[in-house]
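Chain residues, written in single-letter form:
Protein chains: 2
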Amino acid sequence: MMDEFSFIETIKQSTYKQSTLIKGIGDDGAVFRNRSSDIVTCVDTFVESVHFSSKTMSFFHVGYKCLAVNISDLCAMGATPTFYLVSIVIPKSVTNEELTELYDGLHTIASNFRMDLIGGDTVSGEQLIITVTAIGYVPAPYARYRSDAKVGDYIFVTGTLGDAQAGLEILLHNLDVDHKEYFVTRHRMPKINVDFIKNLRTIKRMVLNDISDGLANELNEIAESSCKTLLIEDAKVPLHRYIKQFPKEKYEEWKYYAGEDFELVGTVAKKDWDTVVQCAEEHDITVTKIGEVIDDPREHGSVFMRKNNELIRLDKKGYRHQIGK
Amino acid sequence: MMDEFSFIETIKQSTYKQSTLIKGIGDDGAVFRNRSSDIVTCVDTFVESVHFSSKTMSFFHVGYKCLAVNISDLCAMGATPTFYLVSIVIPKSVTNEELTELYDGLHTIASNFRMDLIGGDTVSGEQLIITVTAIGYVPAPYARYRSDAKVGDYIFVTGTLGDAQAGLEILLHNLDVDHKEYFVTRHRMPKINVDFIKNLRTIKRMVLNDISDGLANELNEIAESSCKTLLIEDAKVPLHRYIKQFPKEKYEEWKYYAGEDFELVGTVAKKDWDTVVQCAEEHDITVTKIGEVIDDPREHGSVFMRKNNELIRLDKKGYRHQIGK
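In the order they appear, the protein sequences are chains A and B. Going by the working numbering, 214 is the number at position 214 of the first sequence; the sequence numbering is gapless. Going by the working numbering, 1128 is the number at position 128 of the second sequence; the sequence numbering is gapless.
Next comes chain A alone, as it looks inside the complex (with noise of 0.2 Å):
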């Protein structure tokens, strides 16, 4: 195994892209300046045969995605991603080649946001464990709370739900079906689209969430944070067209309560929605109109989805993470 005082030294930067940034990695802290904007935190674990298995995940996967999901978490705050800080407990049995390959992962999606690592620390231990640290930037008042949605917004998600679940199911059971690669590749590498995020700020509010455990989940979130009630058209929560060919029952259940699509789920005053129309178009993102916020004083902080003409309570059952060995 590498020296653990090494790895860091290995995977530091010799430029950073950031302007922002005074003092990178090797002090005994990084610095930055930012006069302008909010500065937005979030940290994220990533568990060795909790959320990814040598079956399920390349090291190389491993690195990008435990980067992306901190992403993910930026966009739906508003932010724009600038650094990254990550911890690397690192087993014996992990070689030089693997850890390599895993801030190849890191490295490439850092690249693609220009993102600049800026601390770290690398320890030995029992299981392969990465904490990542991410910071990004938000100039006021564009922060996207869960807490502003309002009665009368339009509910909406990008892209289509339960496609990682899918990824990882055909992973683990070693499943052959048509498309394998769209699915895996969603389970693997989540898309962020951090520049529409960043268009979207002509718009003064707007609710977002990234669906990380599941849109019921995020949903009950944003309803909760509000105290509002959402509802929510069945037929209207987007499916991929390649997700058919799985068991009915299982992809219907997948759109609520899969987790890691890492899509976004938010609310919009009505007046704003064809700005967040043209500018997916833009971006070449989907985005569809699930459902309102609507005014409810008894039911403040639940979610409702109606299928078949009937209304059912959607409960925040989340996702649980267990992948094993």
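There is no bait here: all hints are sound.
Computed far set for chain B versus chain A, every beta-carbon distance over 12 Å: (1) Thr1095; (2) Glu1181; (3) Val1237; (4) Thr1288; (5) Glu1310; (6) Ile1312.
Below are the SDA-like pairs computed for lysine to any residue, each with C-alpha atoms no more than 25 Å apart in a straight line: (7) A:Lys180 with A:Asp284; (8) B:Lys1198 with A:Thr20; (9) A:Lys17 with B:Arg1033.
Derived from the structure by calculation, the hints contain no laboratory data. A virtual CB, placed ideally from N, CA and C, is assigned to each residue, including glycine.
Based on these hints, arrange chain B on the given structure of chain A.
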């Protein structure tokens, strides 16, 4: 074990102390706004049976120390701690009571320094692992870089060295010595002098490093970053009088190569030395001048130690964590 989703909820603060915080825990990320200071970040990971074990630390101490080491890094950058994010990997064997105790440790030191917890992640895993990302503020131009040492600077350290290592040895080998509690506390609950650092902001240029991996290692980092030669007087390196009960060859080794004292080593212009001494007195801290930055163009980036009129090169050989179960 506690539900992995609920731990961060249970430790979420109901009120926040920092006025620059806009949004704490409860969205996809936290948001803060600081238009006047520079922002410093650092990250540190604590692994069971590498950095601590049940023999050396209670859960309270683990929580306390993993934030303390980050506060120490911020101080060494000249920054005032403000926020932290914590990611915890929790094995099944850990009880709710133990987790609560760990949190008490985190919370105790966070409160002392008015730090707010603004993000976190909890996941299950095989080993107890805590990763803390800390954020601090420093008004320009008072960030303290390793690269700023100048010829003629005095080199100084705070406190006494080797005490934390003595504490660790006492714990690992059940040593029966006098003033046991003093040493053990030095290992478990490092004292960080945030106000001292703050009040030194009348001095425009100074170098600071926290002594986490041994004085020899930190001095070499300053020498290398500044491209200067550092000359230390061995007899001046401060030892606590209690430590002299240990074998001489032990504490003579510890003062240069033992880790985790979390004292500060720095350099400062001669003209500013009195200010440092006075400021230390006000905060009841001892500072000791141990050497000078000298002009030796053949040996830029090196550290020498004078002992019995002999010059000895002080190598970088850093402290390696290895505690075992």
